[in-house]
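J.: This is what each chain is made of:
Protein chains: 2
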Amino acid sequence: MRRGRRQAAATRQGDVKQIAIQQSPFTPPQNHMAPLQPLSDDQISAIHETSLRIISEIGIEVMSDKARTLYRDMGGEVDDASQIVRLDPDIILEKIALAPSKFTLTPWDSAHSLTIGGNQLNFGMVSGAPNVHDAIHGRRSGNLADYTNFIKLGQSFNTIHFFGNQTLAPNDLPVNTRHLTTNLINLTHSSKIFLSMSIGKTRVLDTANMLAIARGLPVEALADSPSCITNISINSPRKFDSEMSDAAIALAELGQAVVVTPFTLMGAMTPVTLAAALAQQNAEALFAIALLQHVRAGAPVVYGGFTSNVDMKSGAPAFGTPENSLANMAGGQLARHYKLPYRTSACSASNTVDAQAVWETQMALWGAATGHGNMIYHAAGWGEGGLVASYEKLVVDCEMLQAMTAMLQPIQFEADDFGFEAIKETLPGGHFFGSDHTLARYQTAFYSPFLSNWQNHESWQQAGAKGATERATDIWQDMLATYEMPGLAQDRVEALEAYVAKRCEEIGSSDI
Amino acid sequence: MRRGRRQAAATRQGDVKQIAIQQSPFTPPQNHMAPLQPLSDDQISAIHETSLRIISEIGIEVMSDKARTLYRDMGGEVDDASQIVRLDPDIILEKIALAPSKFTLTPWDSAHSLTIGGNQLNFGMVSGAPNVHDAIHGRRSGNLADYTNFIKLGQSFNTIHFFGNQTLAPNDLPVNTRHLTTNLINLTHSSKIFLSMSIGKTRVLDTANMLAIARGLPVEALADSPSCITNISINSPRKFDSEMSDAAIALAELGQAVVVTPFTLMGAMTPVTLAAALAQQNAEALFAIALLQHVRAGAPVVYGGFTSNVDMKSGAPAFGTPENSLANMAGGQLARHYKLPYRTSACSASNTVDAQAVWETQMALWGAATGHGNMIYHAAGWGEGGLVASYEKLVVDCEMLQAMTAMLQPIQFEADDFGFEAIKETLPGGHFFGSDHTLARYQTAFYSPFLSNWQNHESWQQAGAKGATERATDIWQDMLATYEMPGLAQDRVEALEAYVAKRCEEIGSSDI
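Protein sequences appear in the order of chains A and B.
Numbering-wise (this note's numbering), the first sequence opens with residue 1 and increments by one.
Numbering-wise (this note's numbering), the second sequence opens with residue 1 and increments by one.
Source of the hints: derived by calculation from the structure; they are not laboratory data.
The model shown is predicted, which means the values in this text are computed figures rather than measured ones.
Among the hints, erroneous ones may be present.
Where chains are identical, the list cannot tell them apart; a pair therefore holds if satisfied intra-copy or between any two copies.
[Stated by the list, open to error] In silico DSS-like links for lysine-lysine, alpha-carbon gap of 27 Å or less:
(1) 313 - 424
(2) 239 - 66
(3) 66 - 201
(4) 239 - 424
(5) 502 - 201
(6) 239 - 339
(7) 313 - 466
(8) 424 - 502
(9) 201 - 239
(10) 66 - 424
For reference, chain A alone in the conformation it holds in the complex (with noise of 0.2 Å):
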């Protein structure tokens, strides 16, 4: 078995305890094995098509008149009092046949460049949490120190692919302005495809203009090469608002990336059984691809899933539970169903990094890897149930992206590995530490894990008996401060700075 694994630390300035981690290289996985698939093809089959009678029968809400004229131009039956519109199954399947099974995100490093579809995972941080923590400080509201810090974090850890929108919430910053000022800082601070804001038209434009900076290249050159993508959800039950599906045209008409989720918590948001809420999810996910396709045919979209349940006793969310890992699975089948790319997540609704934090996200993320998820969102860093970005959980969870990702290392041997020689030379009952075979390969030979202890009882307690939690904050706090910058070239910063202030001018105090 041949694996890389490689590159020491950035160089060290200062007076910092130095943890050095060693990581493996930025290299999303490959999951060669044969996805987990919990439906048979009847299932498949069944959930298929009562989500198509869901999409013509009862229809769905759509607030945006840009979208309800585009459905009628596709031919939908649009009931404008209502705002509900509903489309014929072959309009739906007609649509979705035209989206790329496959396509390319670059972003301003091309290093950085990822493949959304077949059967590549890609890791992304936590999205969206109001509150931020770590072990030194407490728990607070989102601020943007904390989010900078988070922009750092997920450029250094190699095993974080992309960002998800607003990691946190920078709630220190005004609402109208805040998408300009955080695109900023992810175009400077990192190197790394990240989502942008889906609320309204105007975000997701000032986003790829952002990004078109940044490349040096014309806005409208993006169409041939995506660099943009956001994430919209179905308030579901069944409402598409305004702000998410004319940020979605906006995007398709850029020929930019659009991931559709529905959001769908069994119990709550679809009826209480999987099955129902597959068909909700999946219906509501193919109305708003179809329509995308409608838009600007072959447009990058992605088939979303986000199905977990409610604690029925108290109607909190639940992730990581039985039904959200198989859920995971059952998502990828109807994705790959539909040649659709597929997001799915790693989440956790514990409170504190703890076993349970654990257990849930690895329930989630070996049901997403094994479902073929190619987009894993919210998988480094997120609690509480997305309340909360936890500078110790990112630690913990790329330590279990990087042994998952070592996991889907394919097995790859030759003859001289099986080390028959060496099982002669050695004397039964004896040991090869000492080998040539071993000599040869020990160093590469097993993953190499940054957050693992494996030192003895004894030599443990005298380290001072640290769990992984608290050895996650010595490394956070150690990378930011051996972080670098990743080099963006000054011109397009300036450029970039110059095209904030300017819109900044021009939105104002006013909310947009």
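Based on these hints, arrange chain B on the given structure of chain A.
T.: Using the frame of chain A, we list chain B on its own:
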């Protein structure tokens, strides 16, 4: 999706903090999904061929005179000076083909019978830990009181299907009669399958005799309905010691079950590559299983895998690594290649019940479950790479095993599970909490964890901000306080006590 979960906690007595956890019933899961298969067919063939070359060209040291005689009798090439035995591939394969692919183990309470084989997963308790730990009393040497507590807890947790050999070492008991005491505790405090100590012939025969007494059968009758099972390891590389072979032969003669598990930590007991480790594991397992089929054709056997890696910096064993997870899947492919039941494990090396303990256990558990492990050893309560049995980890692991079991339930649904009318009647953007469809199903719709906390952050803080490991402390205390004996008939208890008294007198203080 229909699932059964209920079973109120046992009736409470006395002044105990009432946790009253709800558990899923005792039902070992079936994994209906296809197994994950990291090895290609060509790779399985290459491992197969190499392992046969190890057995036929290099050979294995067999320390027992009795075993060497049997190998010679099978047609093996035996060198009595070096004690090396070599076997032709034809002989190996002919013998292996005699083994059953599936069998049933029946304890005195047949409600706790286990099918070993097919796609059934059976979860086992930690085995062989020299130390014990809980959050109240700290870490201490294994002892009879804690041993008894672990048997009580394993009996109480429905998701524990069997006990590994000597959950923890009762170091306060004399070595030579320890097995009699612990067998008596297992048989009186639990009605579940447990593994016998495998050190020499005498101990396994004592266990078989005691199982026969508990079932009210002559020991010979166990051949028709096996109760006794032991696990032997090969002292890797290539050393088969007398205590192990003689115990295994004695049980095979009685038609009782033997798990053969080579102790193959990559880099230490095998070469550093997964290819070599799996070839050596395969050679050592097949070599012993062939012997047992020669002793008694059709004797129940299990192919065991315990391939993980060591930390090449320190030599310390590591578990739940990417390599361990893959080896758990690959071992299943090899066992199925020979149509043998498969034993694997879910271990962790962490020094405490922290995030690392959980991600390592989850990585190993998912490897074991997706690899269709039939016996998943050390699946609850194992810490420090096997050096400690942990009360808190036992509770955390039982939650994770129960959740895994729920995830593996086949998704079943019928037309009315789609809730089409409920979707139709619920307004866009509304919710389903009050719909008839929900009310008819909500109580059993979702898996109900006993250890997860889904309170909002404020409520969780007000309730004491306990993490999962702290909540586990409350649970095991309550379970011990409300434990009830399983009710082995009094005459059989007395017969067992008499057997133990007689054997203790026979054995005296000398080692056996």
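J.: Could you work out which earlier hints the structure fails to respect and list their numbers in ascending sequence?
T.: 8
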